[in-house]
Amino acid sequence: MLETTYSYQLASNSIDQKNESQTLTLIIQRLLEAAQFHDRQIQEKGGLDLLVEDQSWVITQNRGELLKRMDVKLSSLIKTSIVQANRFFVTRYFEWIQEEQVCMQAFIQFAILNLRSRQMERVPHQIIQENNLLVEGMTARFEKISFKDNWKCYSRVDQAILDSAIDHNQHVNNLVYLEWVWERLPEFILKHYTLQSFAVKYHKELYPGDAVQLESWIDNRTETLAIDSKTDQTVTYHRVYRQFEIVCQIKLNWQINPEIV
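Going by the working numbering, the first residue of the sequence shown is number 1, and it counts up by one from there.
No wet-lab data here; the hints were simulated from the structure. Model, not experiment: these values are computed from the prediction. No residue lacks a Cβ here, since even glycine has one placed at the ideal position from N, Cα and C. The reader is advised that the hints may include incorrect statements.
Lysine-lysine pairs mimicking DSS-like chemistry, simulated, CA-CA at most 30 Å apart [unchecked claim]:
| no. | residue 1 | residue 2 |
| --- | --- | --- |
| 1 | K144 | K201 |
| 2 | K152 | K73 |
| 3 | K68 | K191 |
| 4 | K68 | K201 |
| 5 | K201 | K148 |
Restraint ranges, calculated between C-beta atoms of paired labels, are given here [as the list claims (entries may be wrong)]:
| no. | residue 1 | residue 2 | range |
| --- | --- | --- | --- |
| 6 | K191 | G46 | 47 to 53 Å |
| 7 | K45 | K148 | 34 to 40 Å |
| 8 | L74 | Q243 | 44 to 50 Å |
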């Protein structure tokens, strides 16, 4: 019988926190691995192909909340299930569990890309529904990503696309955008704050040779960290452009470290 909720066991030290700039990307990478293994189980045990030749899943948006700091010394369990499916999108829900406690919840929305035509194709939602692969009763919580006019633009740079940024879909890997953003975060954010939640919206693909710009804003705090009740939380907003066309938007919510308060 096919599992509607798939469990993916991770050994300890599956995330290398020596490189803080890659922690979030590695977390999302593990979520995507769990989704791939679930797809493989659906194919092997049920004989059901959610993808056919020349098709690949691509992420259109995601959102996650970190409820508890993860400990790399502990083993982890990732649970994933399909909670929404229609002709255009599939949404998966994820839980990251350590010591029977949920450390993170996330939703990732996928579409199907034809690798030859570079066009989106219809999702086999009827296969998902007819074979009871859909977990009912959970609504995906995505947010409209935006920023306020009074936020401060603290970084505006041209962003190079390295060969290593290109994945098997022949476009910039979705995790690379987060790495770009992390490299531009203010030092006082990395030093005094912990990521609380993230939201990412992908609008277009980026290809090798594209001219890319990255702009980053922070809400109306300044880099002189004032420790009071008004600065216990802050937000950074990031936008990737290709010749003034918005390619990706990212919003990161931060919580001040307890020892600072």
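Verification of the supplied hints:
A distance of roughly 9 Å separates the Cα atoms of K144 and K201; the hinted pair therefore holds under the 30 Å criterion. Taking the CA atoms of K152 and K73, the gap is near 38 Å; set against the 30 Å cutoff, the hint is violated. Taken as a hint, the K68 and K191 pair is honoured in the structure, with Cα atoms around 18 Å apart against an allowance of 30 Å. Taken as a hint, the K68 and K201 pair is honoured in the structure, with Cα atoms around 24 Å apart against an allowance of 30 Å.
Distance check on the hinted pair: K201 and K148 sit about 17 Å apart at the alpha-carbon level, within 30 Å; holds. Separation of K191 from G46 is about 49 Å and conforms to the stated range, judged on CB atoms against 47 to 53 Å. The hint said 34 to 40 Å for the Cβ distance between K45 and K148, and at roughly 49 Å that hint is violated. Restraint check, L74 to Q243: a C-beta distance of roughly 46 Å satisfies the suggested window 44 to 50 Å.
In this structure, the hints that do not hold are numbers 2 and 7, in rising order.
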